[in-house]
Amino acid sequence: MAARPVEVERIGSVGLLALAPGWPGPRVRAGLMAALDAFEEDAEVKAAVLLLPEVAGRWRPEATLPALPDLCGSLESCRFPVVAALAGCARGPLAELALAAHFRLAADGPCLEFPGIATGTLEGGGATQRLPRIAGAAVSLNLLLGGAPLSAEAAKEAGLLDGLVRGDLVETALALAERLAEGGVAPLRARDRREGQADRDAYHAAIFAARERAEQPGSDRIIECVEAALLLPFEAGVGFERAAADALRNSDEARALHHVVTAEERSAAARPAGAPETATVSLEADDAAGADLALALLEAGVALRVREPEPGRAVLSRIGRALSDAVGEGRIGEAERRARLALLRSDGGAAGFARSDLHLRVASGDGRLPRSTARRGALATVIAPHDPVQAGDGARIVLGRPFRVGDVAELLPDPQGSATETESLAALLHRVGARPLICRRPGRSALGRLVERFRAAAEHLLEDGASPSEIDAAIEAAGFSLGPFRSLDREGLLGPVRRRQQAAHTRDPRDRYVTVLDRLVAAGRLGQASGKGFYDYPAAIPEGLPSGEVEQLLNEARRHAGTVPQRISAERIVERIDLALALAGLEVIGDGLLRDPAEVDLAAVHGLGFPRHRGGPMYQAGLIGWSELRRRLGVLAAREDARFWAPPAILDEAVARGGGLSALAPAA
90 MAARPVEVER IGSVGLLALA PGWPGPRVRA GLMAALDAFE EDAEVKAAVL
140 LLPEVAGRWR PEATLPALPD LCGSLESCRF PVVAALAGCA RGPLAELALA
190 AHFRLAADGP CLEFPGIATG TLEGGGATQR LPRIAGAAVS LNLLLGGAPL
240 SAEAAKEAGL LDGLVRGDLV ETALALAERL AEGGVAPLRA RDRREGQADR
290 DAYHAAIFAA RERAEQPGSD RIIECVEAAL LLPFEAGVGF ERAAADALRN
340 SDEARALHHV VTAEERSAAA RPAGAPETAT VSLEADDAAG ADLALALLEA
390 GVALRVREPE PGRAVLSRIG RALSDAVGEG RIGEAERRAR LALLRSDGGA
440 AGFARSDLHL RVASGDGRLP RSTARRGALA TVIAPHDPVQ AGDGARIVLG
490 RPFRVGDVAE LLPDPQGSAT ETESLAALLH RVGARPLICR RPGRSALGRL
540 VERFRAAAEH LLEDGASPSE IDAAIEAAGF SLGPFRSLDR EGLLGPVRRR
590 QQAAHTRDPR DRYVTVLDRL VAAGRLGQAS GKGFYDYPAA IPEGLPSGEV
640 EQLLNEARRH AGTVPQRISA ERIVERIDLA LALAGLEVIG DGLLRDPAEV
690 DLAAVHGLGF PRHRGGPMYQ AGLIGWSELR RRLGVLAARE DARFWAPPAI
740 LDEAVARGGG LSALAPAA
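Here the sequence shown stands for residues 90 to 757, where the numbers follow the numbering used here.
Hints are computed from structural coordinates only; laboratory data are not their basis. Hints are not guaranteed to be accurate.
Cut-off 16 angstroms, straight-line C-alpha distance, at most; resulting in silico cross-link-like pairs (EDC-like, lysine to aspartate or glutamate) [to be verified]:
1) K245 with E202
2) K245 with D197
3) K245 with E284
Using the sequences and the accompanying hints, generate a full structural model.
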């Protein structure tokens, strides 16, 4: 027998309402509405307690009845005071119900959270009107736009919480409700409060500041709703928010973000259970490339031994500076800094490495590997997507950029290794905050294929007539975190050129080869660190300036290739990059490197900087439609480059099957 959606009990003059575990779906909402109506008609009820459960996972906005704003309105309009007891962090619609209640109690820890911004949506229960009336615009916008939970202590300071509970939550809430009933205390409705709007100048300043930093889809509409709370009567403001929530829920960006978040959830759920834990790691690096990963290992509580060449100590020095900066910025305390340093050891001998659970070698910026010393146990090599994969490197971890929490880490299992070793390494990557993707074909990188197509298409556009700044500006305006040439300058140009030279014997002479990168390196333009690459980098201009010398080198490369430069629009630049990445994704799936198109999108978003609100290259390809994608690639293959743009066989299969991303069947 299914549990009742709402457990209802009356204790003297106090009614107790306990929502069933889980998100408040239609049955729970209807049950709560009916219980509130029954209490309204019961003259003996003088106060009520609403017990809100803590729910994991993600709530998907629903249009079913009773609608969330109507339920919140009924709750707030009760003739008697309602005390919300937060059994953990009230998230999404549960946070909306908490705000609609008249008093709120919670224990220490996370208290309120509005995660809708992650999918470009708005919960829609009236929070944009209630929050700022109580706590002001700054607190409200940080909570609604940040997507992170607000602590109980901060909520109490902001006036959103009426008490911190040290003992039994339900008993404390019932005791408060009894006192309110005995004292005949009237409901304290958020709609009638104004303390958060007393300083109108501060309110307007918070709105302006939020608009200046707003980046995520849906941010502008949420800011407008919070601004409306100051300008409109409450009911009109709730109606304004309700229209905004409906529009966001049905937007293209929300659908794309839903696709990405679903892929992220599947990735998080794939964490291996029962895999052997990695307690100690030894790390070898010839430059600072491994420092960010080392910091993440220390934060995860992994004992770390670092070996690097003298002098310099680039990894250890960067770790020290990063930890000191974290203390100075208030992100960690001095005790935590010392605790992490206690896990760190500088090691110059082989004996320490022999005792480690995992030996990590980190490729330098130009793709070179440190000369490994004697070791025992599992071996993994951290490489860039375009680094050649060598036999004997153990498992490979492919990172699209210096490690950051939340990034994709592509795992290429060791062909001679065991499944247990792969699971253990995947569990470690989960532990440090990465999103591991396991490539299913030894020695080949899905992320490498994406980066290769991305950069090749950009170089083709460069040779055809666009400038580096035009290409980067178009790509970044489309939402990419960094344009291809600005990214190359930050990485350094010497490494990519060396990799090209190493792979020269495998390159098909019929493939289009753009010589611009080689010419820049020959001219001593090695990237941002050297002060000049695709851009010039004067002091205090870290984003760089377009270079006249680069323009001359570009013209030389075009003359050498027999290319007549043409004007290329920003729209055409973005379309070419999108098509190139869709082509790479089709190849990745067709070759069996990854099975799920959503994994390709995850790699592009979190490994390449593809705009999250556009869903990924495979998601975009699905929107175009397989037949139309086949037609566009065919036109480019006929007019420009038959080898680069040739549609793969898997696309013909998808056209024959029809449908969306599901038409891309897993490779055998």
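Structure-based check of each hint:
| no. | hint | verdict |
| --- | --- | --- |
| 1 | K245 with E202 | holds (14 angstroms) |
| 2 | K245 with D197 | holds (10 angstroms) |
| 3 | K245 with E284 | holds (14 angstroms) |
Comparing the model with each earlier hint shows no violations; every hint is respected.
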